[in-house]
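*Asks:* Two chains, two separate frames, one set of hints: put the complex together.
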Amino acid sequence: MAKHTLSVTVENRPGVLTKVATLFRRRGYNIDSLTVGRTESPDISRMTIVVEGDDRIIEQVNKQLHKLVEVIKIIDITQEKAVERELSMFKVRADNTVRAEIVQIVDIFRARIVDIGKNSLIIEVTGDENKIDAIEESLRPFGIIEMVRTGKVAMVRGNK
Amino acid sequence: MKLRGADILLRCLQAEGVEVVFGYPGGQAITIYDALYNSPLKHVLVRHEQGAAHAADGYARVTGKTGVCIATSGPGATNLVTGIANAYMDSIPMVVITGQVPTHMIGRDAFQEADITGIVMPITKHSFLVERTEDVAQVVKEAFYIANTNRPGPVLIDLPKDTMEREIEFDGPAKEMNIRGYRVLKGYNTGQVLTAADLINSARRPVIYAGGGVVASNAADELLAVAEKMQIPVTTTLMGMGAFSGYHHLYLGMLGMHGTRYANYAIGECDVLLAIGVRFDDRVTGKIAEFAPHAKVIHMDIDAAEIGKNVCVDVPIVGDVKEILQGLLPRLVPAGNLREWHETIERWKDENPLSYAGSVEGRIPPQHIIEKISDLTNGEAIITTEVGQHQMWASHYYKFRHPRSFVTSGGLGTMGFGFPAAIGAKVARPDLPVIDIAGDGSIQMNIQELGTAVQHKLPVIICILNNQYLGMVRQWQTLFYGERYSHTDMTCQPDFVKLAEAYGAVGMRVKCIEEVDEALQKALQVTDGPVIIDFWVDRNTNVYPMVPPGEALNNMLGGEVDG
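If you're matching them up, the sequences are chains A and B in order.
Going by the working numbering, the residue at position 35 of the first sequence is 35; the numbering climbs one at a time, nothing skipped.
Going by the working numbering, the residue at position 53 of the second sequence is 53; the numbering climbs one at a time, nothing skipped.
Bound-form chain B, shown alone (with noise of 0.2 Å):
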């Protein structure tokens, strides 16, 4: 059977189980676009190529599955680039798709020609650029193995204009690999777990510290039945906020520069740490010379690389987390001293909670909305974020259950992701609701999908906590800047309300605590289009507890009782 190029790209992606793209198209991509028109492929057309990437983003996390996006070449594709570093900071699989001028044209400057491939170089997992529709489907299959196996992450297919266009006798996807440089890890050290087992059976001051591979692995379920079978507290990263319940009795939320007192002060007294599928980022452990001081360290890990790049470690295990944390807990035997632990934390907890001070400018507390979302849901929706106070305050106040309920920009710490993230999303999820928690800073950098979320029909939530400032950056200036408010005070900014109105979503406006509960009541029981709830803050609300960066993680400000 003959076929065009860009016609053996759509069956190869439909062979890799592809259900949906989302892309905008342009004059190098348009032969993909052309054979799109009558494919199965679900498209979502998007308004910015940036929220394609982070909708592929957004669903891959939600899924587990690969996410795909497309874009033309030259400025299409560099506007896929924090989208692209984003994925790649949070080890999120995602096939990037960009249309390239015809091989005979490359490196003469045509017109919207962009050296995609030089350019994500240090942003991707690995990258393509393809010379002839014969290596299309063999170049699809690698990518999409590459994207999705050990380490996950970005991979990015450039697809010049002629490959797309000529027809050649199409046989199938490619069936066999041969990546002589790329094997996939199988396996590990049984007789490092045995260490570690050994490790744990005496320690007497535990704690699990889990990460995003505790969610890239599947492994919540392994992780759960190590820490009960131990009674181990465990402590997540931001990357791994619903590895672990929200609701267990064990659970110490978020460690590092924004993690509770109880969790920051385990952390520094632990004798062992059992360190699951991280990568030991400096807003987690703070100075590192004194993270984890009295502790043996065992670190898992899927990507040898992190073994030992930030902090040296006791028992270093190379592996699929779930893959160890399986062979691990038939050799965990628990001693049941762990009781004194158990009262020292249960003493932290209850002198430090997380807690905050009712409203004190009349406007609302903005955590107050967080819990409130969290107990509406009960725990049940995927909360997206952008970045800054109102992600902290998500991760502190919402009470995940459930693995892949929490999209995040954690490395990269990207303002703008959390709207396309949820509009991936949700089309991955449509069962659930998807609850965008931005800031007014945040919610302006891709607030064109307004349209994207408009056409697709798409129940996307936006709750913007609005505080007329980019808020972080507003408390770095309270605390470390003597209050010298360069350039963040937002007081400048659309009727949120007009805005949403003038897309064809809902629009609400909320100024005070008692209209809370009513106004997302309202906006769950949307189904045809995104909601925006404009809810005006407190404006100098800070984040609290606070590591000042650089300092060790028991030196933190604020979040005492009554803090």
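Just chain A, same shape as in the assembly (with noise of 0.2 Å):
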């Protein structure tokens, strides 16, 4: 089952999150990931959810969504040109014999260190879903501590 993104716009008033995922658990659709803050308008509010599905559930998920009173517009911008990040934070067991080759692979993926402890690094990136998998997965046997992802944000791209 594919994986789509959809932005929403809401308005920003207590509660919408809430008549969101209310409806997600409702309806039995799988959220993969949902992140939600201001946007430019400060009474405007923007989720970018990942939802999990065939083409029958994301059109249901999409019809459902626009009868809250409180979704403004929706896009799915799966099917747009998009910029899509997210954000994670990796703590890595890092003693000295293996910290070069850590400052090595966060080069690589353009990651950054953000902290230095006694036995480990905490690497921040920042990049799409495949780029955060991949350095998960090149970190892994350095053994990961602990992991945070802030789930996807996405903006589609301006005309050219």
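Do not take every clue at face value.
Unchecked claim - Each computed DSBU-like pair below joins lysine-lysine, with the alpha-carbon atoms no more than 35 Å apart:
no., chain 1, residue 1, chain 2, residue 2
1, B, 186, B, 309
2, B, 186, A, 3
3, B, 349, B, 186
4, B, 141, B, 186
5, B, 399, B, 287
6, A, 3, B, 287
7, B, 175, A, 63
8, B, 296, B, 399
9, B, 141, A, 63
10, A, 63, B, 287
11, B, 175, B, 372
12, A, 67, B, 296
13, A, 63, B, 65
14, A, 3, A, 73
15, B, 287, A, 67
16, A, 67, B, 309
17, B, 186, A, 160
18, B, 175, A, 73
19, A, 67, B, 511
20, B, 141, A, 67
21, B, 372, A, 63
22, B, 399, B, 65
23, B, 372, B, 349
24, B, 141, B, 309
25, A, 118, A, 3
26, B, 287, B, 229
27, A, 63, B, 296
28, B, 175, B, 229
29, A, 73, B, 65
30, A, 67, B, 65
31, A, 73, B, 141
32, B, 65, B, 229
33, B, 349, A, 67
34, A, 67, B, 175
35, B, 309, A, 73
To be verified - To be clear about the criterion: a stretch of chain B counts as covered by chain A if any three or more of its residues have a C-beta under 8 Å from a C-beta of chain A, and this derived list gives those stretches:
no., stretch
36, 177–183
37, 295–308
Just so you know, the hints here were simulated from the structure itself, not pulled from any lab data.
Cβ atoms here follow ideal geometry from the backbone N, Cα and C, with glycine treated the same way.
*Replies:* Following this line, the structure appears as structure tokens:
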């Protein structure tokens, strides 16, 4: 089943996130990730929802979301030319013997080291899903102590 | 002019055309009730908040207007929940007003505080928690707009007490609206209508499957025009009863789990299915993969989310079905080639009419009572029902002539709905007989509303088809659970005649078939209060035909000749 990224603009009001979440729960749709934040207008928020499902499910998600009065606009950016980003942080086991090697990986992925502990490093990386999956794979052999991913945010590209 | 929030609320309700509200006071709603004290709005005091919600629902169904109910915070509000869910499932326009603890107390578990906007989230079209008196007028305007446009539904307004108490300068109800996430659907895709017309014009075995959307859209005339022009047989869902006259030669009765044999056969054989204002509910379709297997399906509905939700359709048309049918009609050209199809259907009708045996247990066949009611009222009464066997018999044996004359809980299947809904219907239409066809189980769920009907002198007739069982569940136990009658025997029940009399209502008991007619005649003469008729019906009668749950529509049990 394909993953779809929906960019949903909503009224920035209390309860809207709950409504969207309730809708997904009630209809049995699977949320892969959901991010929400303010936009350029303070009374509008943008949700980026990654949802897994076949075409019929995605169509239903779209239509059901549209019925929420607080939902202003929905774009399925899977179909659009869009920039997608996710930020994640990894706390990796790193003693002196492997630090150099890790720094190399960090460079390759254009990630950053944002904290150095006695036996660990925190690495911050921004990119699309594939890139983050790739760095995760590369870091795994060293031992990932903790990992956090923000979920995807996305924006449709401007007209060229 | 300086006014309290509560006074502003009532003035705005009036501006929306509200004439009557159904409700029950309480601590946090007391300011609203204080304002009602000298308001021209009529208030019907119920005995339980659930009754208020169902009464507002019944009022809305028979008028097409938005029904309004009021309750206090906490338990008052939560008692409305079943009524709200019921209206939501059947797409009934309703504005629900609840009192709430003062804004500064919200979230502190104050006395009689409940997060009602949170609770009703999945069962309302929208809800508002008003935080400032200044917002009252705007919110009322938007609530009515949302409730009664597009696919209708219930909208809740939660009003903290301080917003009702505070006085502000009031310069009239809101005029403008700006809900950017909500647009009223106008028009439809004309190309799709042309495609639909081509399909219908070339169909050899067409069927119309009409539902509650036809009633909601006031499209019964358009439906009739299309059916008659093309001579297409029409079957209706439970929610669509009355959208097409039960006396019409093209009428097939209801389809689905308890549909007529001929309606279900017609669905099985049709080559074009015109689905109008319906949602392909499981009680209608049975096994969905085998529903209308040979048909190209045209689906018209106001709610885009209904298209493709349960079945894939060939020609979806989103829009108001009245408008769509008006657009479709001139494009239809009768080819006059349906004779074979009509003959087949007539044969099915002759071979498998709805029928029932005479009394087998020396009591009354329940179906007979409904036939009598239908004859005596000439199909012109408003019929409400509770939920269960009696509801299905009502849909089989009452011949409705008009839309908005059958008030029944279709989607949620709420026992206890029919009587309070009948109260709402009678308030709306005092000129028509209003009859609640009830079971002995269901009627006990909101029997307290006898007090309401007596107080307001509402001559609602309650016909209890008393088989001393929770009959529909008992039927399933007979058919599918090896006759293990787990907790469906209701032999222990009140004396309904005495109960009616205790409330100051009229009570009658009818034990044999010969007395049915006279009792009904007598009840129809009563003008100043409710009547209960306790009909003792055969205990073990089942509703047939029946499609077992999950089976295809042509696998019907019972209902053959002499069945």
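*Asks:* Hints the structure violates: just list their numbers, smallest first.
*Replies:* 3, 11, 19, 21, 25, 28 and 33
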